[in-house]
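Just so you know, the sequences run in chain order S and Y.
According to the working numbering, the stretch in the first sequence is residues 1 to 879, in order.
According to the working numbering, the stretch in the second sequence is residues 1 to 113, in order.
Calculated directly from the structure, the hints in this document are not laboratory data.
Please note: incorrect hints may appear among the correct ones.
Claimed, not checked - Derived pair list, reagent style DSSO-like, types lysine-lysine, alpha-carbon separation capped at 30 Å: (1) S:744 / S:418; (2) S:247 / S:229; (3) Y:18 / Y:59; (4) S:229 / S:418; (5) S:293 / Y:59; (6) Y:59 / S:160; (7) S:247 / S:160; (8) Y:83 / Y:59; (9) S:229 / Y:59.
Said to hold, decoys possible - Simulated coverage check for chain Y against chain S, where a stretch passes if three residues somewhere in it have a Cβ under 8 Å from a Cβ of chain S: (10) 21-28; (11) 34-40; (12) 44-50; (13) 54-61.
C-beta: ideal position from N, C-alpha, C; glycine also.
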Amino acid sequence: MIADVLERLRALLFRRRWNRDLDDEVQFHLEQDVAARIRAGADPATARREARLAFGGVDHYKEATRDANGVRALEDTLADTRFALRALRRNPAFAATAVGVLALAIGAAAAVFTVIHAVLIAQLPYPHADQLVRVYQYFGTPFLGTISVVDHEAIRDQQKTMDAFGTARWGVATLTGSGQPEAIPVVRVTSGVFQALGTTPAAGRLIEPGDDPVSAPPVVVVSDAFAMKYLGGKATAVGRSVTLDGKSHTVIGVLPPGVVEIAGMRSVAWPVLQMATPTRRGPFGYRGIGRLKEGVTLDAAVRDLAGISERIYPLWESGFRDKNARLRPYPLRESIVGRSTGQLSLFAGAVVLVLLVAIANVATLVLVRAAARQHELSVRATLGASRPRLARLVVAESLVLTVAAGVVGFVVAALGLKLVGVIAPELPRAREIALNGGTALVAAALAIISGLLVSISPVAAVLGGTILTDSPTDTRRSGGGRRTGLVRGLLVASEFALAVPLLLAAALLANSFLRLQRVPLGYDAESSFEVRLGLPSQRYPDGPAVPAFWRRAIQAALETPGVEAAGLSTAAPPDNQGDVNNFNLVAHPVPPGGNEHVSPWAPATPGYFTALGIPLLDGRMFNAGDTVGDSLTGPPPVALVSRSWAARYFPGEQAIGQQMIEGGCYECPRTIIIGIVGDVKYQGLDGGGDGVYVPLEQANPREATLFVRTRGAPAGFVQPVLQALRRLDPDLPLTGVPLRDQVKNALADPGRWTAVLTAFAAVALALSALGIFGLMSYVVRRQRREIGVRMALGAEPRQVTGMIVARGMRFVLTGTVVGLGLAMLEGRWLSALLYDVTPRDPFTTAAVAVLLLVSALVACLLPGIRAARIRPMEAIVAE
Amino acid sequence: MTDAADLLPGTLELLVLKALSLEPMHGWGIGQRIDQLSGDVFKVQQGSLYPALQRMLRKGSIRAEWRTTEHSRHARYYMLTAKGERQLEAETANWQRTAAAVNGILRVRMAER
Numbered sequence: 001m002i003a004d005v006l007e008r009l010r011a012l013l014f015r016r017r018w019n020r021d022l023d024d025e026v027q028f029h030l031e032q033d034v035a036a037r038i039r040a041g042a043d044p045a046t047a048r049r050e051a052r053l054a055f056g057g058v059d060h061y062k063e064a065t066r067d068a069n070g071v072r073a074l075e076d077t078l079a080d081t082r083f084a085l086r087a088l089r090r091n092p093a094f095a096a097t098a099v100g101v102l103a104l105a106i107g108a109a110a111a112v113f114t115v116i117h118a119v120l121i122a123q124l125p126y127p128h129a130d131q132l133v134r135v136y137q138y139f140g141t142p143f144l145g146t147i148s149v150v151d152h153e154a155i156r157d158q159q160k161t162m163d164a165f166g167t168a169r170w171g172v173a174t175l176t177g178s179g180q181p182e183a184i185p186v187v188r189v190t191s192g193v194f195q196a197l198g199t200t201p202a203a204g205r206l207i208e209p210g211d212d213p214v215s216a217p218p219v220v221v222v223s224d225a226f227a228m229k230y231l232g233g234k235a236t237a238v239g240r241s242v243t244l245d246g247k248s249h250t251v252i253g254v255l256p257p258g259v260v261e262i263a264g265m266r267s268v269a270w271p272v273l274q275m276a277t278p279t280r281r282g283p284f285g286y287r288g289i290g291r292l293k294e295g296v297t298l299d300a301a302v303r304d305l306a307g308i309s310e311r312i313y314p315l316w317e318s319g320f321r322d323k324n325a326r327l328r329p330y331p332l333r334e335s336i337v338g339r340s341t342g343q344l345s346l347f348a349g350a351v352v353l354v355l356l357v358a359i360a361n362v363a364t365l366v367l368v369r370a371a372a373r374q375h376e377l378s379v380r381a382t383l384g385a386s387r388p389r390l391a392r393l394v395v396a397e398s399l400v401l402t403v404a405a406g407v408v409g410f411v412v413a414a415l416g417l418k419l420v421g422v423i424a425p426e427l428p429r430a431r432e433i434a435l436n437g438g439t440a441l442v443a444a445a446l447a448i449i450s451g452l453l454v455s456i457s458p459v460a461a462v463l464g465g466t467i468l469t470d471s472p473t474d475t476r477r478s479g480g481g482r483r484t485g486l487v488r489g490l491l492v493a494s495e496f497a498l499a500v501p502l503l504l505a506a507a508l509l510a511n512s513f514l515r516l517q518r519v520p521l522g523y524d525a526e527s528s529f530e531v532r533l534g535l536p537s538q539r540y541p542d543g544p545a546v547p548a549f550w551r552r553a554i555q556a557a558l559e560t561p562g563v564e565a566a567g568l569s570t571a572a573p574p575d576n577q578g579d580v581n582n583f584n585l586v587a588h589p590v591p592p593g594g595n596e597h598v599s600p601w602a603p604a605t606p607g608y609f610t611a612l613g614i615p616l617l618d619g620r621m622f623n624a625g626d627t628v629g630d631s632l633t634g635p636p637p638v639a640l641v642s643r644s645w646a647a648r649y650f651p652g653e654q655a656i657g658q659q660m661i662e663g664g665c666y667e668c669p670r671t672i673i674i675g676i677v678g679d680v681k682y683q684g685l686d687g688g689g690d691g692v693y694v695p696l697e698q699a700n701p702r703e704a705t706l707f708v709r710t711r712g713a714p715a716g717f718v719q720p721v722l723q724a725l726r727r728l729d730p731d732l733p734l735t736g737v738p739l740r741d742q743v744k745n746a747l748a749d750p751g752r753w754t755a756v757l758t759a760f761a762a763v764a765l766a767l768s769a770l771g772i773f774g775l776m777s778y779v780v781r782r783q784r785r786e787i788g789v790r791m792a793l794g795a796e797p798r799q800v801t802g803m804i805v806a807r808g809m810r811f812v813l814t815g816t817v818v819g820l821g822l823a824m825l826e827g828r829w830l831s832a833l834l835y836d837v838t839p840r841d842p843f844t845t846a847a848v849a850v851l852l853l854v855s856a857l858v859a860c861l862l863p864g865i866r867a868a869r870i871r872p873m874e875a876i877v878a879e
Numbered sequence: 001m002t003d004a005a006d007l008l009p010g011t012l013e014l015l016v017l018k019a020l021s022l023e024p025m026h027g028w029g030i031g032q033r034i035d036q037l038s039g040d041v042f043k044v045q046q047g048s049l050y051p052a053l054q055r056m057l058r059k060g061s062i063r064a065e066w067r068t069t070e071h072s073r074h075a076r077y078y079m080l081t082a083k084g085e086r087q088l089e090a091e092t093a094n095w096q097r098t099a100a101a102v103n104g105i106l107r108v109r110m111a112e113r
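Chain S extracted, bound-state conformation (with noise of 0.2 Å):
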């Protein structure tokens, strides 16, 4: 085994010495054999003859022995690899176009299956992974909620299936003692949590179960990013106490270096997260976290979980009546980026067809070439090479390209993975991304599997014959042989019928993209700005306090010099739709044991519709009158409800004066609805335009956000109205933004999906175009002779580019007929990422099909208009 290997390697790594000492021995051989002969008396002569005679032929066993040294083939393809380079040294431009070519795709395609695997395949980053479950309130396909304080200590104390079970809540922190006061992204966890994922702290400890009770001193885990910033670097950071919220929290741990994501929710801290006991079913807005014990199936933990929902639900009856509500687990990573696999396989579809194309586009740059080379195959084929070492030959030349690519596509996807972050912000688990021996592994399969794919067409035309069947004098005449243009051709119109289904995909999403943008957000977004707003319970205890404040952050805003209008509201289109509530309707009950309904719910101000530009169509705006004294005394409660909601839920009635039951609560008072107001997109732009608006002081709540109305651009007044609330309280951290910043982000997601497709997408559309230029002229070229002829026997130049047109654009309408068909099963797989257009929408089908015809035709034209301008007797004298 190691006598093979050294001697395989001495054959190669000295292959000139190894060559010179075989020449060595078999010369001493036959010395020895001529003196021996001479010894025994022949004379020179005769003795020169039969050691020849005796040795056998000697170049016979030169190549026989070194046949035997186990690298013949290597050094073949070594051969033949350098010769291929030599070729194509020969020929740059051809070897650039199909290289550049290849690599753009192959790099394309390693970086998007590098991040599919990152966010999509690989294992979470915690031990044991695939037993992680978050837990949801599930009301009904497809409707997930958050749990509750009730169900997380029923799961806690009740299940069966779990090792470790915890809940966290995702929120915003004000962070003070460091200078100004800071918005920090939190995540409250308790004990259970860490506990399930088997996060090991850099240093110090995780929230233990003694830290949970609401009795107990309150704790914080911080990332190292925040232990650097804030705590003077990990070493120095335990022990130390941070302010969160107006609460003195002490550091007790710190999360390993790079460690921003816990369970899918970035954050900088995690506090301890002590729940008091409930008096009521909800609040939700918690998301429970658990680790199956060993063994135990999803299915088994689905039972355990819908058990215990059933055995809570008698107890909260009263504010809660989804009877058909149950907890239920679903595996952690799916909860994480289920969202994006949609946008990734649609990526990942879209860079197949490229690479597809991609290929097509260099086979037939090989195959053109091949036949142009016809000429120096046939007399290597008449020297004496077999037809296997002529494909071989050829398949050498295409794997020394396409491995080129493969390596330049490579470093491609090392940039392309570095613009993941560009292009999908976004993107769950971003972190995880990145470059490694996957991506090479990519790479490298796709550079060989396109480098045979490549080659079958030419290997075929020269086993076949019919690159070598033309004598080497008569190349000229013929067209490559009939069944390599019909080759050539099919690979062509395959091109378009790759390029149709992406060119459709990307005008679609377009198509979406610019109806979004002009979709009635229902406000003017153009002269508002929004403060965002939260009241720490330290310093504003539940009581006058926080009303208070509101009232004077309102007519703070308002006395400052250029604002119009100022309310609060807990929503903030165009995709926070601050609460969502449930409720029935008097009038129109739902049947016993069905869901009652759910809508966007937010409390708010008069001046919020005044500030947004909301008109009220219908009955009367929120007045002081609405909320004087308790729900005992006072008048019912009120409720503004927008058109949409109207129509929904009252379609033909007049919905104002109806009466609703809030929240389950059977035995408060009815709300009354008291007008209509317009439509505003809180769930996104591609939502619906369902509200419901009650007065702030009804639901009194502690996070709100301030919007304000100036006259004209808002940027001048966003400073003075900070500087206004900072007089109100310099403990708060604020910030102010433009409503049409919030629009602006909205529309970036969507945007940059649709840039990048559309990107994809003009490739693929260039690269068609491009196949089927080169394939027309190379047609011209060779046929300048027939050509010529028809024109002396008098066809018009008109009928000659005609003629040549109409040869290219059939492989053309082929194609995109074929691609129209493939089109058909991409959309059940775009409806769920178009806005208000359908997947089959015939203005975007019909529109995709003229370009592509068009750009064909130009693309068949410029070939045919040469072919017009051909001098017959040149081309026919030229022979």
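On the provided structure of chain S, position chain Y as indicated by the hints.
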């Protein structure tokens, strides 16, 4: 003159091993020795030794070394390795078993006739 292909497969290697078991030799010497030992029954075409030697080098049953001959000529000498010696023993035994069996069969045939 018999071509190497006329030998039973693998026989040439066995003969080379046997020749080398006496002393290290260069290619020509091995050829001479086989002729001599076989009483010229096997006349190996000399050239066919070299592919066989190359194969045996890779198997590790022999190794090679450039030495100077008594006439101060540079020549490549081959010698058995430990593995080669074991191989010679095993293949000799194997050969004898085979030969005995074949002889046995041939005798039966003659008796039946």
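Hints, one by one, checked against the model:
no.: 1; hint: S:744 / S:418; verdict: holds (24 Å)
no.: 2; hint: S:247 / S:229; verdict: holds (20 Å)
no.: 3; hint: Y:18 / Y:59; verdict: holds (16 Å)
no.: 4; hint: S:229 / S:418; verdict: holds (25 Å)
no.: 5; hint: S:293 / Y:59; verdict: violated (55 Å)
no.: 6; hint: Y:59 / S:160; verdict: violated (64 Å)
no.: 7; hint: S:247 / S:160; verdict: violated (36 Å)
no.: 8; hint: Y:83 / Y:59; verdict: holds (9 Å)
no.: 9; hint: S:229 / Y:59; verdict: violated (66 Å)
no.: 10; hint: 21-28; verdict: holds (count 3)
no.: 11; hint: 34-40; verdict: violated (count 0)
no.: 12; hint: 44-50; verdict: holds (count 5)
no.: 13; hint: 54-61; verdict: holds (count 6)
Checked against the numbered hints above, the structure violates hints 5, 6, 7, 9 and 11; every other hint is satisfied.
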